[in-house]
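Undergrad: The hints should help you fit chain B onto chain A, whose structure is shown.
Number of protein chains: 2
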Amino acid sequence: MAFTSYAAPEELLGTGRYVLATYCLQAPSGADIGRLAEKFAVGQTVGTWVELPTITDQMRELYQGKIAGIQDVPPRDIAADGQEQSFFLIRIAFPHINFGRSFAALLTTLLGNDASTSVQAKLVDLHFPEEYAQQFPGPKFGIKGLREKLQVPKRPLLLNMIKPCLGFTPETGAEIFYATALGGVDIIKDDELLTNPSYLPVEERIKAYTQARDRAYGETGKRTAYFVNITDRLPDMLEHAKRAADLGADGLMVNFVFSGLDALAALAADPQIQLPILAHYAGSGPWIESTSTGMDSLVYLGKLARLAGADIVLYNTPYGGYPYLRSKYMQMARLLSQPYYSIRPAMPAVGGGVTPGMVPTLVKELGMDLVLAAGGSIQGHPLGTTSGAKAMLQAIEAVAQGLDLQTAAQESPELRIALEKWGQI
Amino acid sequence: MAFTSYAAPEELLGTGRYVLATYCLQAPSGADIGRLAEKFAVGQTVGTWVELPTITDQMRELYQGKIAGIQDVPPRDIAADGQEQSFFLIRIAFPHINFGRSFAALLTTLLGNDASTSVQAKLVDLHFPEEYAQQFPGPKFGIKGLREKLQVPKRPLLLNMIKPCLGFTPETGAEIFYATALGGVDIIKDDELLTNPSYLPVEERIKAYTQARDRAYGETGKRTAYFVNITDRLPDMLEHAKRAADLGADGLMVNFVFSGLDALAALAADPQIQLPILAHYAGSGPWIESTSTGMDSLVYLGKLARLAGADIVLYNTPYGGYPYLRSKYMQMARLLSQPYYSIRPAMPAVGGGVTPGMVPTLVKELGMDLVLAAGGSIQGHPLGTTSGAKAMLQAIEAVAQGLDLQTAAQESPELRIALEKWGQI
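Protein sequences appear in the order of chains A and B. Going by this note's numbering, 125 is the number at position 125 of the first sequence; the sequence numbering is gapless. Converting from the second sequence to this note's numbering requires adding 1000 to each position, the first position being numbered 1.
In case anyone wonders, no lab produced these hints; they're calculated from the structure. Each hint should be verified, as a subset may be incorrect.
[Stated by the list, open to error] Short, incomplete list of chain A residues facing chain B, as computed with Cβ under 8 angstroms: (1) Pro9; (2) Ile78; (3) Phe87; (4) Leu89; (5) Lys122; (6) Leu234; (7) Asp236; (8) Leu238; (9) Thr291; (10) Pro323; (11) Tyr324; (12) Lys328.
None of the values given here were measured: they were computed from a predicted structure. Built from N, CA and C at the ideal position, the CB exists for glycine as well.
Chain A extracted, bound-state conformation:
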């Protein structure tokens, strides 16, 4: 039978043997994309296009990629001359026996060779069969577990990243932490640029900050969680993770783009590590910003980071200067928290120009299961850090109760001043 390199995606998924990857590329509408897809499917698996006597039929059956669909966009059936440019979505099924449960091995197959060289295409979607997907840890806490741990059952969570980013002593950092926690912030985390420098190492930071945290708790009765950035060389990062809970940290943060999804998954899968993990997207730009190479942010942050075990995935709003698409920013929250086998949902966290006046819009667009990452509007509040935190929290609580911000501001001087300073969108 001809065309056995082609197969229906729903049937391939049913076998449980394939990961289905969809790519997008541009070509003349009349081009024979099927042939190109075949070249790619073979080139990224059994690795040759010409007939080799060493490649048996059984090898092809077990290890060769298959073409599981080609879609042109716009969907043309007729055309003037076939030279008009179209986008083509090519779906390739890769036998996961080829790469197993390593994200690095998976991504080498998906993006490691032809996609970035002979075939210039962007990876835009991934479908995993159930057993394969469930080999990955997924979030250890998920949205429900995170809310229980932080004792915030319903409203959006408020997160602050300590500013300045780096270059201060443990004592200075602890003072900033204390002032911020006094305002009732739910989570304080390190900046992504602060990892394990000699002047402010992870362990010392945890000790100093958690003392500040407990001091604020003594005064307010509200407990702030500290998420420590454990990004470091290996195996040091794993050691940080294992000790962090004993030292008093409430959560972990990892710059997963550079540490690798496998390292993130190792943290999430380790039963000795019982802390939620915030995955920071720093460095994802080059992976996601082109329309013709790399991968879609929904794949990278929305699917892979969740599967690897991020309880919180931080990404950008379109309102802080970075031109992230509003449509995608909304889909990201949906993708992170939609049902996916028995993988727990992850909490979307957004940063980028977050001020109290933006809270109604952000919650309307992304929902209540949301972490609002506010930096400048907390540390930059005219009345100081504590007031900045209070203003954000007042805005969040007003929105959660269905109150208008202007109404809420009448009884919240911090909020009123923030709205005067940064406005409302």
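TA: Quick look at chain B alone, frame taken from chain A:
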């Protein structure tokens, strides 16, 4: 949990409860397509967007559509202002309990309401779970069965549609049939415009044509099959089908666009009808020709017609004046014959300017499992119909044996004359 209207397509397919339909539409890149998709998924199932007390959670769980994916094309993650136009592929999962195994009911859900009104979109792909797909008959013969019946094991098949299309007596038709069959044509079929007119009714046609067929067989030893167009009102069409074999016909033809996919499926599913079916695409133009409404030809002809039971699906080459896309014409052949559960493959048949000189190109592009539908180049050959058929067959046999047409023409005067008249592409 929020966003339960969203679900992973691979998980939905795994439940076996959903048909997944993908639509394409154009919108500003920053638009909230997710909300639009939700409206569509609800509007085409439980049928209301506002909260109605009569709709219970259980009803929603069983009957409501889900959003199984949104893909923007080109795949943008950043954008200047979100006002750039993007294409969006929206995948909606419909519980098939809503429509069951009727194609008419299925298409009413898929295309019957919002898609053509409030949401202007083109249906571009369909995924069926195995048990649902296998409720449909699929081809009774398939490529293998068809080749066995016609005793042509390997080379492309030659089909002729009797010209003129209509307006002649049974005797005249039989003479044309005889002259064509003498040239060794594998299949002769009626024109799609010839159904069951009083002057040339189905039964009389079958009797007259099969006599002509047997007369030619007596002279050549080559048996030509007659595929009779049984398109008619119901239940007459079914009656034609049941009597056709007894009367001597070798196959059936149905104008399935107008008769309906359900009628085609009824023919294929009936154990009393043991003839292969050729599905004619006449009338599919308005369904497929827009980029923003209707459905892709690959869905209609490549997927639905096969599932409904077409052993042969006739469609256009891009070489006969109709501006069908070359890329799609090639994908159609692949889709019809690729593995799909235990549904047999269907044989692609192409018409539109088919001359002997085009055979190498058509076979190179579509493969050996192919029916070549030649009309004008057979009945219009300078030496007459019989020679026209011979010329086509000589070209097919040359290509099947790997011979160059010019070489073959040295020993084939009919082919030589045809190449001189129509050239070679």
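Undergrad: Please go over all the hints and tell whether each is borne out by the structure.
TA: Here is how each hint holds up against the structure:
1. Pro9: holds, 6 angstroms
2. Ile78: holds, 4 angstroms
3. Phe87: holds, 5 angstroms
4. Leu89: Holds, about 7 angstroms.
5. Lys122: Constraint on lysine 122 (chain A) satisfied, holds at 5 angstroms.
6. Leu234: At about 29 angstroms, which exceeds the 8 angstroms cut-off, the nearest Cβ of chain B leaves the hint on leucine 234 (chain A) violated.
7. Asp236: Violated, because the Cβ-Cβ distance from aspartate 236 (chain A) to chain B comes to roughly 32 angstroms (cut-off 8 angstroms).
8. Leu238: Given a least distance of 30 angstroms, the restraint on leucine 238 (chain A) is violated.
9. Thr291: Holds: closest Cβ of chain B sits about 4 angstroms from threonine 291 (chain A), inside 8 angstroms.
10. Pro323: This interface hint holds because 4 angstroms falls under the 8 angstroms limit.
11. Tyr324: Hint holds; tyrosine 324 (chain A) Cβ to chain B Cβ min 6 angstroms, cut 8 angstroms.
12. Lys328: holds, 6 angstroms
Hint violations for this structure: numbers 6, 7 and 8, all remaining hints satisfied.
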